[in-house]
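In the order they appear, the protein sequences are chains A and B. Each residue of the first sequence is one higher than the last, beginning at 1 in the numbering used here. Each residue of the second sequence is one higher than the last, beginning at 91 in the numbering used here.
Calculated from the structure, these hints are not laboratory results. All values derive from a computational prediction rather than experimental measurement. One thing to keep in mind: the hints can contain errors.
Said to hold, decoys possible - Pairs of lysine to aspartate or glutamate, EDC-like flavour, derived with a Cα cap of 20 Å: (1) B/K929 - A/D31; (2) B/K928 - A/D37; (3) B/K510 - B/D273; (4) A/K84 - B/D794; (5) B/K427 - B/D448; (6) B/K749 - A/E38; (7) B/K684 - B/D243; (8) A/K12 - B/E529; (9) B/K749 - A/E15; (10) A/K84 - B/E785; (11) B/K510 - A/E15; (12) B/K197 - B/D243; (13) B/K510 - A/D37; (14) A/K78 - B/D794; (15) B/K930 - A/D31; (16) A/K78 - B/D886; (17) A/K84 - A/E15.
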Amino acid sequence: MILIHCPYCDEKRPEIEFANAGQAHVARPLDPSSQSDEEWEAYLFIRANPRGRHHERWRHVHGCGRFFNAVRDTVTDKFETTYKAGEPRR
Amino acid sequence: MSGYRLENGGRIDRSRPVEFSFDGNPYQGFAGDTLASALLANGISLFGRSFKYHRPRGIMAAGSEEPNALISVDRGAGRFTPNLRATGVEIHAGLNAFSQNRWPSLKRDFGAINDRLGMFFPAGFYNKTFMWPRSFWEKLYEPAIRKMAGLGDAPTQEDPDIYASTYAHCDLLIVGAGPAGIDAALEAMGSNKRIILIDEQDELGGGALADPALWPWLERSRKALIDAPNVTILTRTTAFGYYHDNFIGAVQRLTDHMPNNSDSPREKLWRVRAGEVVLAQGAIERPLVFDGNDTPGVMLSSAAKVFANRFGVAVGTSVALMTAHDSGWHDVFALVKAGVGIKAVIDVRTELSSALLDEASRLGINVYLNHSVTGVNGRHRVTSIQICNNDDFVGARIDCDTLLMAGGWTPSVHLWSHSKGSLAWRDDIGAYVPDQPNENARCVGACSGGWDFGSGMIVDVLPTPKDQSRIKAFVDFQNDVTAKDIKLAVREGFRSIEHIKRYTTNGMATDQGKTSNLNGLQIASTALAKPVTDIGLTSFRPPYTPQTFGALAAHAKGALFQPTRTTNIDGWAAENGAVFELVAQWRRARYFPKMGEDMHAAVNRECVAVRSSVGIFDASTLGKIEVVGPDAAEFLNRMYTNPWKALEPGRCRYGLLLKEDGFITDDGVSARLAPDRFHLTTTTGGAARVLNMMEDYLQTEWPDLDVWLTSTTEQYAVIALQGPNARKLLEPLVEGIDLSADAFPHMAIREGTICGIPTRLFRVSFTGELGFEINVPTAYGRAVWEHLMAEGAKFDITPYGTEAMHVLRAEKGFIIVGQDTDGTITPFDAGLDWAAGKKKPDFVGKRSMARPDIVAPGRKQLVGLLTDDPNVVLEEGAQIVADPRQPIPMTMIGHVTSSYWSETLGRSIAFALVAGGHEMMGGMLYIPMPGKTHEAKVSGMVFYDAEGARLHV
């Protein structure tokens, strides 16, 4: 069972306390109504599926409840880093 | 001629005889014996029948790598354990063990015909042969093959044993308590590290248990470790898997070695998080591959030493050794010392150390260098062996009852590989050894590839003058894979060991190829004329040895599998005969049958009571979220489809929640208590999902909004009081709230007290009747409920369950998200477009409602269905077609989502999702069912009181 560092609690906790919340840094457009069908499709459905470094959102759902971002290697399943929501992409 | 108990030696307690049974026959062993050693001492050499060919098999190894001697242990009803290795079962009084995969008996087994037909059962045989006709596979071929080819019988009764589980943390975890593991523990003992030492055997020592010279050291070390306060010793414990971040799963066997079934846990699952892991798993001796190498009496040379020195058992009266490694010679010297008669040593090599040859000569052992065993005589036991010179194939026959094999050593890198540590190939030992770690871990002792028992030569198949395609030289003993099968796989084009493995099943048995993987790899390497490293290595996966489901499940079974959530009123429902159903994790009353009533009758009565007087319903399971803060209204306005900013405090609104893709995910009535405070309700099953979704938007998309979300589902008991007499019943009990129609209209909320208890009183209705939902602090739920029941007697108040609730809401055309929607339904599809605020610039899902696929015609839309025959209640889930006369397979255009008998209307009603349904009003659709095709007219969804006259009173 992986240990994940929650950047808000500043503790490594077992993965069962966390829930994955999909790809990170996919910002909701500020004015969805101005989006073309193609732009909206890209926002809704098109996601990266990298082999290696992947930016993901996680929620410390059975802890502090905060959403945060993480860089995880999809090959080794190792977390490279985690950081608070709103911080720049690492 | 066979095994027997030596006069002296071993770690068994000869003063404590133990009676046990095998295949119904009584035997005697000593305390400290395994089933294998005790039966060998009793002269037993036949332990089972092989998987595919039903060949007689005996003991090959002395430890958990044993592939042949799989047995079942019967400890009474529900306590039947198949596929245990006889080498790992400790005998105790009353042990009741059985051989497997034989009929009618171990000695006379009909299945052995497979062995005679062996040439017809090559690798891939089943895949190739039983292809046609296809329909025969499930009904005929597979059951027949499963019956023939099998391991032990699966238990059929529920396991009455209990299993424990625990988490543990330590600085240092050592797996394996042989000399290397013990040394690691002794070395770390003086520090203040918390140390856990795990070993699968019943006592510490590993390989040292078979080396009497080490016993004084072992005893000193054992005492030191037991006395050390920072060392936890777990024996009879198998570390079965190594997971991320030094998380190790281990199962401790607590009671199986004891005579009686006890009330204490049978096994205990340990989940250990370790700072550092030291793996001292040792190495496993490799069999040699030659014709007849599976005959009972052929075994690993190291095993013979273990049986002699640890258990005081001679594995035979005249023993020969076939070796490619120095270790075999040392084993034989130890056997001579223990009093076992050695007939000959045959070494495939031409040159080896003179020290070994001198010692053999001193002990008077016949030595054959540059020779190989080319055949084994005897069916249920070795009677003699055939040997040949490797160069000229000049042979000889040697009479013996036991043949030992010493093919070199394979480091046990199982857990290392689980941890994703890398491996490096070593040509000199013909094996993979640990290379770079992936966790904070290291290997010590033989599992790291280091040992002091000499060197050897790597051979894939022993030289033989025989036709290689006609011999049975086994590689995987448990899955009956021969060298010939692996060569066939290569001939048929398989190149990767991963494919060869799956085609031949080499290494895929319950032992995961502990004794077969490396031999299989060598044979494939030779056949492909490629180095082993080009062919790859199959992955080891947990568990190291098979573990019981009981241990893995531990307490998580029955009522403890997952929690059952109950409301404060649940106890009343149980005492009053409710029939329950599970909704998400909640236990809800489905209906309250009176004497002699079935569900149908009870639900009809409950529905009529609500429509004619008053019904009472436990709605406590509704999800509730308190939304508080200056931006609360703005937040809800962005989340829900409806407008929220203009909602006045004291009023309620039906909220429809979409996902960003435009599909309905939840709904519920919510109330504004104050400008900055809302009381949201969600569906029973959607509460956690909705809160998570709202937190997501609040935290990550709109962190500028000043809003707090709190789950209050369990803070309130909710009692729905529904029916024309609801106000009359409620009025005298409520203080601080004017219940009159003008002061407290439909879709309003007031705060006050009921029976003296603070309440948030909603005037809402999911039934279409005048209705109230009384929210009180959870602890008071039952008290208020009982008071209402007592006061309501004069109105013949009737408790109703979820089933009546479903019927009542369907009569009014109210949907249930998740039943009438399926995650692909838009507000327009559901006929709820009135709830989607068209003037709002944005809300979650709004943009998607304009996507091309969402506005395209032909989408499935929710409609009402009225069957032509009013007495027919359609099956929920039934498929709908437009034309019943079309050829089969028909085009299905939708399905029934809700369907009930409405006692109030005296007919059946239904909802359905139908492609283009909104355009079909008044048209006929057809529902083909077994025996009859039903006709139904498409209608609106509101079947009762469409104008809402009953609500606004």
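Structure-based check of all given hints:
Note on B/K929 and A/D31: the hinted pairing holds, with a Cα-Cα distance of about 15 Å set against a maximum of 20 Å. For the hint linking B/K928 to A/D37, the alpha-carbon distance of about 19 Å falls within 20 Å, and the restraint holds. Our distance criterion of 20 Å between C-alpha atoms is broken by B/K510 and B/D273, whose separation comes to about 25 Å. Taking the CA atoms of A/K84 and B/D794, the gap is about 15 Å. The hint holds against a cut of 20 Å.
For the given pair, B/K427 sits about 16 Å from B/D448 by alpha-carbon distance, which is consistent with the 20 Å threshold. About 19 Å separates the Cα atoms of B/K749 and A/E38, which keeps this hinted pair within 20 Å; it holds. Restraint check: the Cα-Cα separation between B/K684 and B/D243 comes to about 47 Å, which exceeds 20 Å; the hinted pair is violated. A C-alpha spacing of about 16 Å is found between A/K12 and B/E529, which places the hinted pair at or below 20 Å, so the restraint holds.
Restraint check: the Cα-Cα separation between B/K749 and A/E15 comes to about 26 Å, which exceeds 20 Å; the hinted pair is violated. In summary, the hint linking A/K84 to B/E785 is supported, as the alpha carbons are separated by about 15 Å, within the 20 Å threshold. Annotation: proposed proximity of B/K510 to A/E15 holds, straight-line Cα distance about 19 Å (limit 20 Å). Annotation: proposed proximity of B/K197 to B/D243 holds, straight-line Cα distance about 19 Å (limit 20 Å).
At most 20 Å may separate the alpha-carbon atoms for a hinted pair to count; B/K510 and A/D37 exceed this at roughly 44 Å. For the hint pairing A/K78 with B/D794, the CA-to-CA distance comes to about 33 Å; that exceeds 20 Å, so the pair is violated. Taking the CA atoms of B/K930 and A/D31, the gap is near 12 Å; set against the 20 Å cutoff, the hint holds. This hinted pair does not check out: A/K78 and B/D886 have alpha carbons roughly 64 Å apart, beyond 20 Å.
Taking the CA atoms of A/K84 and A/E15, the gap is near 17 Å; set against the 20 Å cutoff, the hint holds.
The earlier numbered hints that this structure contradicts are 3, 7, 9, 13, 14, 16.
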